[in-house]
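Line by line, the protein sequences are chains A and B.
Residue numbering for the first sequence follows this note's numbering, starting at 1 and increasing by one per position.
Residue numbering for the second sequence follows this note's numbering, starting at 1 and increasing by one per position.
Among the hints, a few may not be true.
So these bits of chain A aren't anywhere near chain B, every CB distance computed over 10 Å [claimed, not checked]: (1) 6; (2) 29; (3) 84; (4) 127; (5) 300; (6) 317; (7) 366; (8) 397; (9) 401; (10) 408; (11) 415; (12) 416; (13) 467; (14) 473.
Pair by pair, the computed Cβ-Cβ distance ranges are [as the list claims (entries may be wrong)]: (15) A:336 with B:415: 29 to 35 Å; (16) A:150 with B:209: 47 to 53 Å; (17) B:58 with A:398: 32 to 38 Å; (18) A:406 with B:59: 25 to 31 Å; (19) A:336 with B:266: 44 to 50 Å; (20) B:266 with A:332: 28 to 34 Å.
Stretches of chain A that chain B covers, calculated by requiring three or more beta carbons in the stretch to come under 8 Å of a beta carbon on chain B [what the hints assert, rightly or not]: (21) 202–209; (22) 318–324; (23) 327–340.
It is worth saying that the hints were derived from the structure and are not from the lab.
For every residue, glycine included, the Cβ atom is placed at its ideal position computed from N, Cα and C.
Protein chains: 2
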Amino acid sequence: MKTRQDLDAIFHPKTLAVVGAPQERPLGWPGIFGCIRDFGYAGRLYPINPRVTHVEGLKAYPDLVSVPEPIDLVIMSVPAAAVPAALLDCVASGNKNVHIFTAGFNETGEKQDLELHRQILEIARKGGLRVIGPNCMGVYNPKERLTTWVNPSKKDGPVAFVSQSGGHAQDFTGFASGLGIHFSKVVSYGNALTLDSTDFLEYLAGDPDTKIITMYLEGVKDGRKLLDVVRRINKTKPVIILKAGLTEAGTRAVASHTGSMAGGEHIWNAFFKMSGAVRAYSVEDMAHVALAFRHLNTTGGTRVAVIGHGGGIAVAAADACSNAGLTMPPFSAEMQRQLRSFIPSSGNMIRNPVDAIPIFVDTGNIRHMLDLASSQQNIDMFIVSLSLDWIFDVDGGAHITRIAEYLANHARDYLHGKPLVVTWRTYRDDPRVPELGMKIEKLLLNSGIPVYRGIEPATRVLARWARYHRFVRERHSTQASIPEELPCPASPQPAHSGL
Amino acid sequence: MKTRQDLDAIFHPKTLAVVGAPQERPLGWPGIFGCIRDFGYAGRLYPINPRVTHVEGLKAYPDLVSVPEPIDLVIMSVPAAAVPAALLDCVASGNKNVHIFTAGFNETGEKQDLELHRQILEIARKGGLRVIGPNCMGVYNPKERLTTWVNPSKKDGPVAFVSQSGGHAQDFTGFASGLGIHFSKVVSYGNALTLDSTDFLEYLAGDPDTKIITMYLEGVKDGRKLLDVVRRINKTKPVIILKAGLTEAGTRAVASHTGSMAGGEHIWNAFFKMSGAVRAYSVEDMAHVALAFRHLNTTGGTRVAVIGHGGGIAVAAADACSNAGLTMPPFSAEMQRQLRSFIPSSGNMIRNPVDAIPIFVDTGNIRHMLDLASSQQNIDMFIVSLSLDWIFDVDGGAHITRIAEYLANHARDYLHGKPLVVTWRTYRDDPRVPELGMKIEKLLLNSGIPVYRGIEPATRVLARWARYHRFVRERHSTQASIPEELPCPASPQPAHSGL
Numbered sequence: 001m002k003t004r005q006d007l008d009a010i011f012h013p014k015t016l017a018v019v020g021a022p023q024e025r026p027l028g029w030p031g032i033f034g035c036i037r038d039f040g041y042a043g044r045l046y047p048i049n050p051r052v053t054h055v056e057g058l059k060a061y062p063d064l065v066s067v068p069e070p071i072d073l074v075i076m077s078v079p080a081a082a083v084p085a086a087l088l089d090c091v092a093s094g095n096k097n098v099h100i101f102t103a104g105f106n107e108t109g110e111k112q113d114l115e116l117h118r119q120i121l122e123i124a125r126k127g128g129l130r131v132i133g134p135n136c137m138g139v140y141n142p143k144e145r146l147t148t149w150v151n152p153s154k155k156d157g158p159v160a161f162v163s164q165s166g167g168h169a170q171d172f173t174g175f176a177s178g179l180g181i182h183f184s185k186v187v188s189y190g191n192a193l194t195l196d197s198t199d200f201l202e203y204l205a206g207d208p209d210t211k212i213i214t215m216y217l218e219g220v221k222d223g224r225k226l227l228d229v230v231r232r233i234n235k236t237k238p239v240i241i242l243k244a245g246l247t248e249a250g251t252r253a254v255a256s257h258t259g260s261m262a263g264g265e266h267i268w269n270a271f272f273k274m275s276g277a278v279r280a281y282s283v284e285d286m287a288h289v290a291l292a293f294r295h296l297n298t299t300g301g302t303r304v305a306v307i308g309h310g311g312g313i314a315v316a317a318a319d320a321c322s323n324a325g326l327t328m329p330p331f332s333a334e335m336q337r338q339l340r341s342f343i344p345s346s347g348n349m350i351r352n353p354v355d356a357i358p359i360f361v362d363t364g365n366i367r368h369m370l371d372l373a374s375s376q377q378n379i380d381m382f383i384v385s386l387s388l389d390w391i392f393d394v395d396g397g398a399h400i401t402r403i404a405e406y407l408a409n410h411a412r413d414y415l416h417g418k419p420l421v422v423t424w425r426t427y428r429d430d431p432r433v434p435e436l437g438m439k440i441e442k443l444l445l446n447s448g449i450p451v452y453r454g455i456e457p458a459t460r461v462l463a464r465w466a467r468y469h470r471f472v473r474e475r476h477s478t479q480a481s482i483p484e485e486l487p488c489p490a491s492p493q494p495a496h497s498g499l
Numbered sequence: 001m002k003t004r005q006d007l008d009a010i011f012h013p014k015t016l017a018v019v020g021a022p023q024e025r026p027l028g029w030p031g032i033f034g035c036i037r038d039f040g041y042a043g044r045l046y047p048i049n050p051r052v053t054h055v056e057g058l059k060a061y062p063d064l065v066s067v068p069e070p071i072d073l074v075i076m077s078v079p080a081a082a083v084p085a086a087l088l089d090c091v092a093s094g095n096k097n098v099h100i101f102t103a104g105f106n107e108t109g110e111k112q113d114l115e116l117h118r119q120i121l122e123i124a125r126k127g128g129l130r131v132i133g134p135n136c137m138g139v140y141n142p143k144e145r146l147t148t149w150v151n152p153s154k155k156d157g158p159v160a161f162v163s164q165s166g167g168h169a170q171d172f173t174g175f176a177s178g179l180g181i182h183f184s185k186v187v188s189y190g191n192a193l194t195l196d197s198t199d200f201l202e203y204l205a206g207d208p209d210t211k212i213i214t215m216y217l218e219g220v221k222d223g224r225k226l227l228d229v230v231r232r233i234n235k236t237k238p239v240i241i242l243k244a245g246l247t248e249a250g251t252r253a254v255a256s257h258t259g260s261m262a263g264g265e266h267i268w269n270a271f272f273k274m275s276g277a278v279r280a281y282s283v284e285d286m287a288h289v290a291l292a293f294r295h296l297n298t299t300g301g302t303r304v305a306v307i308g309h310g311g312g313i314a315v316a317a318a319d320a321c322s323n324a325g326l327t328m329p330p331f332s333a334e335m336q337r338q339l340r341s342f343i344p345s346s347g348n349m350i351r352n353p354v355d356a357i358p359i360f361v362d363t364g365n366i367r368h369m370l371d372l373a374s375s376q377q378n379i380d381m382f383i384v385s386l387s388l389d390w391i392f393d394v395d396g397g398a399h400i401t402r403i404a405e406y407l408a409n410h411a412r413d414y415l416h417g418k419p420l421v422v423t424w425r426t427y428r429d430d431p432r433v434p435e436l437g438m439k440i441e442k443l444l445l446n447s448g449i450p451v452y453r454g455i456e457p458a459t460r461v462l463a464r465w466a467r468y469h470r471f472v473r474e475r476h477s478t479q480a481s482i483p484e485e486l487p488c489p490a491s492p493q494p495a496h497s498g499l
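This is chain A alone, in the form it adopts within the complex:
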């Protein structure tokens, strides 16, 4: 039923119908129909509204049966009570791909809403409908100029996002776009009436535009299938998952939000361990992890050198590396001897972490430092840590910009192919410094260098990124030791079960 062709039609619709397209835009909100038009959707768009003849200049139809051609994706934006009839119209017209935007079904827990949910489930099953939702934002595909929300990025890229939350679909894609991460396909699927995360995942596995998959999950219906699919895909396309609702309060909130069963923490711990999926802990964190996968090649290890200035910060960097699961080997005596040729020992730390203002006095010293450190056998990757407040005082920003330009355009020539990320921070109560920080952040991101605000998030990202590569490497080289069929963390339950 959920074939590749069906989901192709959903993600690349040549024809769209919006059931409940209003004649006028409500105050301050373009509505779904308005968002689709504003974004510049290039296919044929049909407003469905029996009370008007035209919507925003387009001929309106009273129902789907009256529309002169098949509809690849029907979007429903009518009150919950009107959804069953609209679904029957889908069945009658033979249009089986439906996104139900409307909320007010099983997630409210109210008796009449649960009954309505039962009704639409029955209609969908009998009619063979493929339903995204209800209670969700549906599809965002920048290549097709398709969206249901205001002003997402028009750029497309190699990352897909499968989100049970509509808010997160908007927030995550917005935040990620700011980091230069753009999307192949995004789907917000809410209460998962018929189509669930695993259906989208299987589709994205074969999608040539998608190289990295991100997911926000509240519940999942078929845990075994999720494990199988993720294990398969994760070998070639990293799957990054933010799983919510793993606490008592979170479980209750998940039920209120998408009517889902969240599942227990220990089951999901096992899932991550067995599947090799990369675990994310917040919207921001998921984008930070995706950023590393977007720009960095594979790595052979977890040994990091931190090069920065500020002694307390260097100590914090060392603690952060250890806590994250990275190691921070001390530089060899010979390496330290070479560093002392241009860094005085007094007032500077040169053993790794490096805390040394002299390095940042000119770009030649940065080059020298990176060149020496990257030739060490016991270092796999680099964090350059910039304390903007201190360098800002030199000349109000020009020197920092010069350093950032050097790191963006030249530093990689001296890294022997080892990955580099940059972190910055400001503590001063002066808006000029974070403004400068955001400017150099863009500059570095545009050249493909991941940037994080503070060392701690950088270490947490790098540790998971390195662990993923180890997992994939070990899975491929030692298949015998890991059975092809891992035990399933939990059997699928009839409806809205936990994993």
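Fit chain B to the given chain A structure using the hints.
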């Protein structure tokens, strides 16, 4: 030796001498002498420099013995090799309070530096000197217009900071100032030659200007004393401690930074448990914790209501509360019935967490919501969570500002005395939104409402703030069950031992 009067003189010096005050300011850096002058120090300032007659218009003296009056605090900014002679000059002139800014002693681990360290320790002990440092920034006291770094806040306030790191002294006070937290006294004491954290702590215990004490520790010489002092002070003045170097790499970094022994994680866990000190995990986190103590009164419990909009965010809030150790009781059926009178159940979550855009449509609804929720017996505190991106679209910022002004000026009239914090977030790649966020943040902070960027940090802060109050309450009410003399986590070791 370290009497209250001595430390009073150090923190409130009527006379200062800077040994090694240069005739000219080095490029781009005013130096310690320049910082003291620029900040407007009001006492009598003596440059000590045998090679010049005047420094920045002030008569220079060749040595301390030549200065015509006693010096409350001598600040040394000479090369490490010149420090022993300068210390002997302190002894000869009877000036016993010394801040050694200079680095290059036991922290480098180099043989000649360790020997130099041994020398200055001997001079200090024999001469009865009270030494802050070496390798540190010394004293910042805004009331006395005393600082050694560039441009700190001129405002004073009730928070003290005892910091082993000079960088953190600058970074933490700068960051905290941005949150409206100002300082009574700050001391950066580096390698702790004679004066250690516990000496400052004892002084601050009796300091009428200090109500909250923050600390950054790498090592401590006398663990038993620290425990005793913190336990005693913490009853009336919360002691918030950021302890660094608890990992293998961190321990090594601490040795390189201030020549300290960091001590083991399990010992420090016991220390926090027994002392009731509030644990902080980063510079930013310590400021966030201090912010809660600065503005919020005591609390009777840990039960929180989160009122915001965005379903995924509401789920994240629930998980964050549980993970932090707060509880999030569901609202009663009667309370939910009352909420439904102005919040439709479809598309909104009203059980706690609350995810409901209608609340933020006008301030009357916010009032209604807070009034209802704060009258619930099972709620102790509130987090109002604002997603700026969504409200921004209404009118580009005016509505958000109206909400923030209402929360700042009126919301507390409807809280039945229960604490409120506000969180905000933006994910959009549009600089206008964070600018607006920072504007409303100042507005709320100025009216005494703690503000955090994101719910997760807010929950972590509130949990520790509530735990502190429970600890103090239980210590006072059940003294019999907690022995006055707790076992010491570790015996003091001869020199630079761990706790």
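_Contradicted hints - numbers only_ = 2, 6, 15, 18, 19 and 21
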